[in-house]
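For this one, chain S is given, so just place chain E on it according to the hints.
Chain residues, written in single-letter form:
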Amino acid sequence: MYRKPGRGRVLLLVFLALSIIVITIDYRAGSGGILRTAREWSVAVVAPIQRGFTTVVRPVGNFFASIGELGDLRDENKRLKDENEQLAAENTQADETLEENARMAELLELEEAWPAMDNVHAQVYAKDAGNYGEGVYIDKGREDGVRPNMPVLAPEGLIGKTLSVTAHESLVVLLVDTNFGANARVRGERDTGLVRGRGSADPLTMILIGKNSEVEVGDEVTTSGLDEIYPPAIPIGEVIRAEVRGGQASKTIEVEPYVDIAKLDKVMVLMPDGSATGGVAGED
Amino acid sequence: MAVSVRDRRMGGFSELGIGRAASFAGMLLLAIAIQSTLLAQATVLGVIPQLVLVVVVSLAFLDGERVGTVVGFFGGLLIDALLPGAIMGLTALIFTLIGYGVGLLRYMAPPDSVWTPVLTVAGASAVAELGYAALAIIMGQRWVSLEETIKIAGLVVLYNTLLTPFVFPLIKRVADRFRPERVIRL
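Protein chains in written order, with our numbering: chain S, 1 to 284; chain E, 1001 to 1186.
Incorrect hints may have been included.
What the hints assert, rightly or not - Listed next, the stretches of chain E that the computed footprint assigns to chain S, with coverage defined by at least 3 CB atoms under 8 Å from CB atoms of chain S: (1) 1027-1034; (2) 1059-1068; (3) 1094-1102; (4) 1160-1172.
What the hints assert, rightly or not - Simulated pairs of lysine to any residue, SDA-like, Cα-Cα distance not exceeding 25 Å: (5) K81(S) with G188(S); (6) K263(S) with E156(S); (7) K1151(E) with E254(S); (8) K1151(E) with P203(S).
To be clear, the hints were calculated from the coordinates, so they are not data collected in a lab. Here the structure is a predicted model, which is why all the values come from computation and not from measurement. Cβ atoms here follow ideal geometry from the backbone N, Cα and C, with glycine treated the same way.
In isolation and in its complexed conformation, chain S is listed as follows:
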């Protein structure tokens, strides 16, 4: 079959060049400028269609989800309450040093910080369309006071932070995303470390700085408040594996998030200092 390849090939070269230009701009300039505008437009154009589909499906989806979830939540609740009580009991029984008591007191005080913060409730209406990035879209944006880098919570615990924000929508990067990182601590321990995502199929990893902590499977991991985004004491997940690598001054810990990212629905965006961007959390 005879064909003249001319125009198709020219067109291909043009669009390959365009792709490479976009990649270069994004690689160099990061999230600013013309690409951010393009992203915002794309999000805003697709959002009404996505919301349409989500609205149509939600009643059915929720019906099935709620049957399974109710039991789960009750069990989870009961388990957590039991655990809490047990931990509290252990804490009081333990003959701790003054220093530790002071530290616990400090922790308790810090714990009151995030529930008192300003927040806005939002509904998850879509996921990102890819299999590697882990993000969801929520129906609150700039006009609702949401800004990039605000912590986002589900009833069970931390789900991530806002990444990019348009007028009425925000993209939330989930804690299982490979780009996610948060400073964290194992409840009741002194050492802190970095929790990172490894994709939706794998648990989070936590690199704990220092070997002093006695971390055990089942311990609760919370935010530490030492980074600029997350206030302290937001529940992240539960330790499912803890090991010390020989010769290293750190422990590698695997953490299973409390939140089931496949079932995200209603979430809450925390607004430290009203709606300032990335205010230092936990400071009074």
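Below, chain E alone, put in the same frame as chain S:
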């Protein structure tokens, strides 16, 4: 059949009327909306079928490499724009190549076989998934484990292939309606 070649040279975008361009845009927007809501919720094993890719491959297969190139670029860019933390343009680059490649490949495939679009989607999905993973890793993106990458690629190929018998006829119907007279003679 060779006649159509001459007609196709008539002009870069002049054959792309407004109605036709709008129909392509509409199909892409609808595809990404479905992919990020219905398909993202009904995932099996946590893997989302890539409906946009099925649309790009179908249109390239039906309308040739030039439509494939343009639709591939914009479809890929749309996906990039909605991803968190990804380098924008990677999917656009890969879908552009796939749109062009599929558009050329169709001249070698048996035209009326039901299996041709299905197998084309399967092959294109594998190339897209592995190509994206390779590019992203080369560009220094933090990535999931190798096993996870292979699992995702395999399942995407499977899901996309299963979607094709339902999606392809729909796209063919829409594409046929908006295709200008002089190109349809193929």
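Next item on the list: Go check the stretch 1094-1102 of chain E versus chain S for me, would you? Three or more residues, Cβ under 8 Å, otherwise it fails.
Entry: Satisfied; 3 residues make the cut.
Would you check the hint for K1151(E) and E254(S), treating anything up to 25 Å between C-alpha atoms as holding? Roughly 21 Å separates the two Cα atoms, so the pair holds.
- Item | Outcome, coverage hint (the stretch 1027-1034 of chain E, chain S; C-beta under 8 Å; three residues) | holds (count 5)
CA of K1151(E) to CA of P203(S), is that 25 Å or under? Roughly 17 Å between the alpha carbons, so the hint for K1151(E) and P203(S) holds.
Q.
Please check whether the stretch 1160-1172 of chain E has three or more residues whose CB lies within less than 8 Å of a CB on chain S.
A. Violated: only 0 residues of the stretch 1160-1172 of chain E have a Cβ under 8 Å from chain S.
- Query: Taking only the CA atoms, is the gap from K263(S) to E156(S) under or equal to 25 Å?
  - Reply: holds (11 Å)
- Query: For the stretch 1059-1068 of chain E, do three or more residues have a beta carbon lying closer than 8 Å to a beta carbon of chain S?
  - Reply: Three-residue rule met by the stretch 1059-1068 of chain E, so holds; n is 3.
Is the Cα-Cα distance between K81(S) and G188(S) 25 Å or less? holds (17 Å)
Hint violations for this structure: number 4 only, all remaining hints satisfied.
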